[in-house]
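Asker: With chain A's structure known, arrange chain B on it following the hints.
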Amino acid sequence: MASDTTLAGLDALDLGDGAPGGGARDRVARIAHVVWPKVAAVALAWVIWEIIHLTGWKHYVLPGPGVTLSNLWGQARTGLLWHAIGDTMERAVLGYALALVIGTVVGLLVARVPLLRTAVGSLITGLQTMPSAAWIPFAIILFGLNTSAILFIIVMAAAPAVANALIAGVDYTPPLLLKAGKVMGLRGLSLTGYLILPAALPTFVAGLKQAWAFTWHALLTAELLVLVAGQPSIGVLFQADQDQTDMASTIAVMIVILVLGVLVDAAFGVANKAIRKRWGLT
Amino acid sequence: MSTTAVTETAAVTLAGVSKVYGRGGTAVRALDQVTLATAPGEFTCLIGASGCGKSTLLSLAAGLDRPTSGDITVNGRVALMFQEPGLFPWLTAAGNVALALRARKVPRSERKARTRELLDAVQLGGFGAKRPHELSGGMRQRVALARALAQDADVLLMDEPFGALDAMTRDLLHDELDRVRERVGKRLTVLFVTHNVREAVRLGDRVVLLSSRPGRVIAEYPVPLARPRRIDSAPVAELASVITDRLREEVSRHGQ
Chain A
1 MASDTTLAGL DALDLGDGAP GGGARDRVAR IAHVVWPKVA AVALAWVIWE IIHLTGWKHY
61 VLPGPGVTLS NLWGQARTGL LWHAIGDTME RAVLGYALAL VIGTVVGLLV ARVPLLRTAV
121 GSLITGLQTM PSAAWIPFAI ILFGLNTSAI LFIIVMAAAP AVANALIAGV DYTPPLLLKA
181 GKVMGLRGLS LTGYLILPAA LPTFVAGLKQ AWAFTWHALL TAELLVLVAG QPSIGVLFQA
241 DQDQTDMAST IAVMIVILVL GVLVDAAFGV ANKAIRKRWG LT
Chain B
1 MSTTAVTETA AVTLAGVSKV YGRGGTAVRA LDQVTLATAP GEFTCLIGAS GCGKSTLLSL
61 AAGLDRPTSG DITVNGRVAL MFQEPGLFPW LTAAGNVALA LRARKVPRSE RKARTRELLD
121 AVQLGGFGAK RPHELSGGMR QRVALARALA QDADVLLMDE PFGALDAMTR DLLHDELDRV
181 RERVGKRLTV LFVTHNVREA VRLGDRVVLL SSRPGRVIAE YPVPLARPRR IDSAPVAELA
241 SVITDRLREE VSRHGQ
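If you read the sequences in order, they're chains A and B. With our numbering as the guide, the letters of the first sequence map in order to residues 1 to 282. With our numbering as the guide, the letters of the second sequence map in order to residues 1 to 256.
Honestly, the hints are just simulated from the structure, not real lab data. Keep in mind it's a predicted model, so treat the numbers as computed, not measured. For each residue, glycine too, the CB sits at the ideal point set by N, CA and C. Treat the hints with caution; some may be incorrect.
[Said to hold, decoys possible] Straight line, CA to CA, 30 angstroms or less: simulated DSS-like cross-link-like pairs of lysine-lysine:
id, chain 1, residue 1, chain 2, residue 2
1, A, Lys277, B, Lys130
2, A, Lys182, A, Lys277
3, B, Lys186, A, Lys182
4, A, Lys58, A, Lys179
5, B, Lys112, A, Lys179
6, A, Lys179, B, Lys130
7, A, Lys38, A, Lys273
8, B, Lys105, B, Lys130
9, B, Lys105, A, Lys273
10, A, Lys277, A, Lys209
11, B, Lys105, B, Lys186
12, A, Lys179, A, Lys273
13, B, Lys105, A, Lys182
14, A, Lys58, A, Lys38
15, A, Lys209, B, Lys186
16, A, Lys38, A, Lys209
17, A, Lys277, A, Lys38
18, B, Lys186, B, Lys112
19, B, Lys105, A, Lys179
20, B, Lys112, A, Lys277
21, A, Lys182, B, Lys130
22, B, Lys186, A, Lys273
23, B, Lys112, B, Lys130
24, A, Lys209, A, Lys273
[What the hints assert, rightly or not] To be clear about the criterion: a stretch of chain A counts as covered by chain B if any three or more of its residues have a C-beta under 8 angstroms from a C-beta of chain B, and this derived list gives those stretches:
id, region
25, 146-153
26, 196-210
[Unchecked claim] Restraint ranges, calculated between C-beta atoms of paired labels, are given here:
id, chain 1, residue 1, chain 2, residue 2, range
27, A, Leu94, B, His133, 36 to 42 angstroms
28, A, Ala119, B, Gly24, 55 to 61 angstroms
29, B, Arg104, A, Ala119, 34 to 40 angstroms
30, A, Leu176, B, Arg104, 19 to 25 angstroms
31, B, Glu110, A, Leu145, 27 to 33 angstroms
32, B, Ser50, A, Val42, 58 to 64 angstroms
33, B, Arg104, A, Gly126, 42 to 48 angstroms
34, B, Gly137, A, Arg27, 32 to 38 angstroms
35, A, Arg30, B, Arg179, 19 to 25 angstroms
36, B, Ser50, A, Arg112, 30 to 36 angstroms
37, B, Glu110, A, Asp265, 43 to 49 angstroms
38, A, Lys277, B, Ala15, 49 to 55 angstroms
Same shape as in the complex, but just chain A (with noise of 0.2 angstroms):
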């Protein structure tokens, strides 16, 4: 017998029949899976918010979860809304991609220079912890109140995270491919980007939602204190309730940055699934 057919054959019961494609019916059962549980977590905390106004507690200054939404209605068919959530995004994805660029470019240098590493390895990671309202200060000394002292806090904050995640991304790299790309003749440049860098991107991404994170914590301190004027950012709606102690409104601000955060951490999530579908890892 052959044994190039018996190979053939082989290969064909090694890789089985595959699995059998779904049908639409089991696509809605499946987003109905995945939603279910998000609607009732939902549900119990209007619940429990609900108990907490009956029970009195604060009652002058905590409105009920009702008066909270229907303020956040009136405040979305108002313009001003939409502006301010259109200028606040506009800065986090501004200073986001900006510490992404810095952050990457640092992290590479660091991950594969060992001189680099060991001069500021550890600064990185000590940059990382240091509060965002630390660098409010320097930020408008340097700059004044406007954007670029916002971006720079933003970017003092997100681009160590973005350098760090990088860098464990180069760590975890298996040993035996970059073997596999040296032996191939993989070199500098070429080794770098077709092997150290996909071979980082798992974790890296991992590490770019977290980077996000500290984006945003950045942002809304920065807002807070950094007040530009003309641009009515969510730091402004924020600083326009606290002086008229208007709770209602600024639950609903917060409702607002609690809605963008889920919305970006599933953007995250699909990205997430995508790379680990890719390597086979689900």
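Answerer: Structure of chain B alone, referenced to chain A:
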């Protein structure tokens, strides 16, 4: 290490090669005065128990590490295969092969056709679009073989490449390796490390037995058996038992 002298008759030459890891009291001598020459196109199997420095020897021949003393000469390009396929999980089977082509600067226009040929050569023509995790262990190892061939190697270094496979797949890959060597159209020199004595006799033109701690060449056995061979044939078993006896003698030396 010279890779240019084509006039020499040997493909791989090790002359008094020693390798010591670490320094002082904790130093470990992995290889001790190993002298070995393989002719172009020769299939040499290196066999030995744990600690015989087999993998060290291949790393040195691949240029991944330098010997502490002695000389290594390799005529031509080397490729290295490991026990694990070491495929890049973010690329497809075809992408893995194509990257090896790109690394030696094969023009983009030729890469696709060449990749296809190489995957066909290991009978995986229809699986180019699969990712490594979607393939069986034997198939992954064949992709790794195609990737090694893509490096246009003259010398193929194999570090227990079939050690992690089931017996049936392994036997089939032995046949496959024979066939691929005929098909590549040049004399492919192979240095094959294993601790499966029968596998060594099944595949090799010559079996070299190494001692353990430190690794030293203690015996050489030519394999004068006609191909195609079968791992379960009587002549293979007969020679394997001779080598196994000698190997056991060497191993029991360490128990005394």
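Asker: If a hint holds in the structure, say so; if it doesn't, say that too.
Answerer: For each hint, the structure was consulted:
1. At most 30 angstroms may separate the alpha-carbon atoms for a hinted pair to count; A/Lys277 and B/Lys130 meet this at roughly 12 angstroms.
2. Note on A/Lys182 and A/Lys277: the hinted pairing holds, with a Cα-Cα distance of about 26 angstroms set against a maximum of 30 angstroms.
3. Among the hinted pairs, B/Lys186 with A/Lys182 is consistent with the structure: their alpha-carbon atoms are about 24 angstroms apart, no more than 30 angstroms.
4. For the hint pairing A/Lys58 with A/Lys179, the CA-to-CA distance comes to about 65 angstroms; that exceeds 30 angstroms, so the pair is violated.
5. Restraint check: the Cα-Cα separation between B/Lys112 and A/Lys179 comes to about 25 angstroms, which is no more than 30 angstroms; the hinted pair holds.
6. The suggested pairing of A/Lys179 with B/Lys130 holds, with an alpha-carbon distance near 23 angstroms, which does not exceed 30 angstroms.
7. Distance hint between A/Lys38 and A/Lys273 is fulfilled; the C-alpha atoms sit about 19 angstroms from each other, no more than 30 angstroms.
8. Proposed proximity of B/Lys105 and B/Lys130 is supported: the alpha carbons are some 24 angstroms apart, at most 30 angstroms.
9. Annotation: proposed proximity of B/Lys105 to A/Lys273 is violated, straight-line Cα distance about 33 angstroms (limit 30 angstroms).
10. Distance check on the hinted pair: A/Lys277 and A/Lys209 sit about 18 angstroms apart at the alpha-carbon level, within 30 angstroms; holds.
11. In summary, the hint linking B/Lys105 to B/Lys186 is supported, as the alpha carbons are separated by about 21 angstroms, within the 30 angstroms threshold.
12. As the CA atoms of A/Lys179 and A/Lys273 are separated by approximately 28 angstroms, the hinted pair is consistent with the 30 angstroms bound.
13. Only pairs whose Cα atoms come within 30 angstroms are accepted, and B/Lys105 paired with A/Lys182 is accepted, the gap being roughly 15 angstroms.
14. The suggested pairing of A/Lys58 with A/Lys38 holds, with an alpha-carbon distance near 29 angstroms, which does not exceed 30 angstroms.
15. Using a Cα cut-off of 30 angstroms, the hinted pair A/Lys209 and B/Lys186 is violated, with the two alpha carbons roughly 51 angstroms apart.
16. With a C-alpha separation of about 21 angstroms, the suggested pair A/Lys38 and A/Lys209 falls inside the 30 angstroms cut-off, and the hint holds.
17. In summary, the hint linking A/Lys277 to A/Lys38 is supported, as the alpha carbons are separated by about 24 angstroms, within the 30 angstroms threshold.
18. Between the alpha carbons of B/Lys186 and B/Lys112 the distance comes to roughly 22 angstroms, so the proposed pair stays at or under 30 angstroms and holds.
19. Between the alpha carbons of B/Lys105 and A/Lys179 the distance comes to roughly 19 angstroms, so the proposed pair stays at or under 30 angstroms and holds.
20. Distance check on the hinted pair: B/Lys112 and A/Lys277 sit about 25 angstroms apart at the alpha-carbon level, within 30 angstroms; holds.
21. Note on A/Lys182 and B/Lys130: the hinted pairing holds, with a Cα-Cα distance of about 24 angstroms set against a maximum of 30 angstroms.
22. Restraint check for B/Lys186 and A/Lys273: the C-alpha separation of about 45 angstroms exceeds 30 angstroms, so the hint is violated.
23. For the hint linking B/Lys112 to B/Lys130, the alpha-carbon distance of about 15 angstroms falls within 30 angstroms, and the restraint holds.
24. In summary, the hint linking A/Lys209 to A/Lys273 is supported, as the alpha carbons are separated by about 13 angstroms, within the 30 angstroms threshold.
25. Counting residues of the region 146-153 of chain A whose beta carbon lies closer than 8 angstroms to any beta carbon of chain B gives 0, which falls short of the minimum of three for the stated coverage.
26. Check on the region 196-210 of chain A: 3 of its residues sit with their Cβ under 8 angstroms from a Cβ of chain B, so the three-residue criterion for coverage holds.
27. Taking 36 to 42 angstroms as the suggested C-beta distance range, the pair A/Leu94 and B/His133 conforms, at roughly 38 angstroms.
28. A beta carbon spacing of about 30 angstroms between A/Ala119 and B/Gly24 contradicts the range 55 to 61 angstroms that was offered as a hint.
29. The hinted window of 34 to 40 angstroms between B/Arg104 and A/Ala119 holds, with their beta carbons roughly 36 angstroms apart.
30. Checked against the hint of 19 to 25 angstroms, the C-beta distance between A/Leu176 and B/Arg104 comes to roughly 20 angstroms, which is consistent with it.
31. Checked against the hint of 27 to 33 angstroms, the pair B/Glu110 and A/Leu145 fails, with Cβ atoms roughly 60 angstroms apart.
32. Roughly 60 angstroms separates the CB atoms of B/Ser50 and A/Val42, a value that falls within the hinted 58 to 64 angstroms.
33. For the hinted restraint 42 to 48 angstroms between B/Arg104 and A/Gly126, the CB-CB distance of approximately 43 angstroms keeps it satisfied.
34. In this structure, B/Gly137 and A/Arg27 meet the distance hint of 32 to 38 angstroms, their C-beta atoms being roughly 33 angstroms apart.
35. Judged by the Cβ atoms, the range 19 to 25 angstroms given for A/Arg30 and B/Arg179 is violated: they are separated by roughly 46 angstroms.
36. Remark: the range hint 30 to 36 angstroms for B/Ser50 to A/Arg112 is upheld by a beta-carbon distance near 34 angstroms.
37. The given range of 43 to 49 angstroms is respected by B/Glu110 and A/Asp265, whose C-beta atoms sit roughly 45 angstroms from each other.
38. One distance hint, 49 to 55 angstroms for the beta-carbon pair A/Lys277 and B/Ala15, holds here, with the actual separation near 51 angstroms.
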